[in-house]
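Each residue of the sequence shown is one higher than the one before, counting from 729 in this note's numbering.
You may find that some hints are simply not true.
[Stated by the list, open to error] No more than 20 angstroms apart at the CA atoms, straight line, and that leaves these computed lysine to aspartate or glutamate pairs for EDC-like:
1. K763 <-> E773
2. K837 <-> E848
3. K840 <-> E829
It should be emphasised that the hints constitute simulated quantities derived from the structure, not laboratory data.
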Amino acid sequence: MPRLIREILAYAKLVLVIALGLAVLTIVLMNQGRKADVWLWEAQELPTLWLMAATTLVSIVLFWVLTKLRRMVVEVRQIRERRRHERETAEQREMARQLSEQERRIDAKLRKTLASNEAEDEPARPLR
Numbered sequence: 729m730p731r732l733i734r735e736i737l738a739y740a741k742l743v744l745v746i747a748l749g750l751a752v753l754t755i756v757l758m759n760q761g762r763k764a765d766v767w768l769w770e771a772q773e774l775p776t777l778w779l780m781a782a783t784t785l786v787s788i789v790l791f792w793v794l795t796k797l798r799r800m801v802v803e804v805r806q807i808r809e810r811r812r813h814e815r816e817t818a819e820q821r822e823m824a825r826q827l828s829e830q831e832r833r834i835d836a837k838l839r840k841t842l843a844s845n846e847a848e849d850e851p852a853r854p855l856r
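Let the hints inform the model, and build the full structure from the sequences given.
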């Protein structure tokens with residue numbers, strides 16, 4: 729079943745590409761001899777096909793630039809997130825080190841207190 733779906737999608741894409749190709753060919757043939765006034769340059773008529781080609785080229789370049797810009801923004805966000813994560817990890821390690829140091833000092837104090845209590849509780853031994 730999945731193979732059938734993949735084949736259908738492949739043929740649908742092929743039909744779509746052919747339809748787009750025919751649409752482009754139709755547009756080119758219908759606008760072959762036409763000219764247009766361009767508002768950028770007064771009193772200059774340009775062939776419509778050149779305008780379409782320029783528009784296509786500008787659109788492709790703009791799409792490429794925006795895609796690169798978007799990818800760069802995503803990478804910057806990932807770098808910031810990674811740095812934040814590294815900073816938090818370093819803070820957690822520092823807190824764990826401090827906690828370990830506190831536990832070590834508390835244990836030492838408890839041992840010292842227990843040792844002094846045991847020394848006080850022991851009766852004096854007679855000397856022989």
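Hints and how they fare:
1. K763 <-> E773: Distance ~6 angstroms between K763 and E773 Cα, so the pair holds.
2. K837 <-> E848: Given pair K837, E848 holds - Cα atoms ~17 angstroms apart, limit 20 angstroms.
3. K840 <-> E829: Holds, at roughly 17 angstroms.
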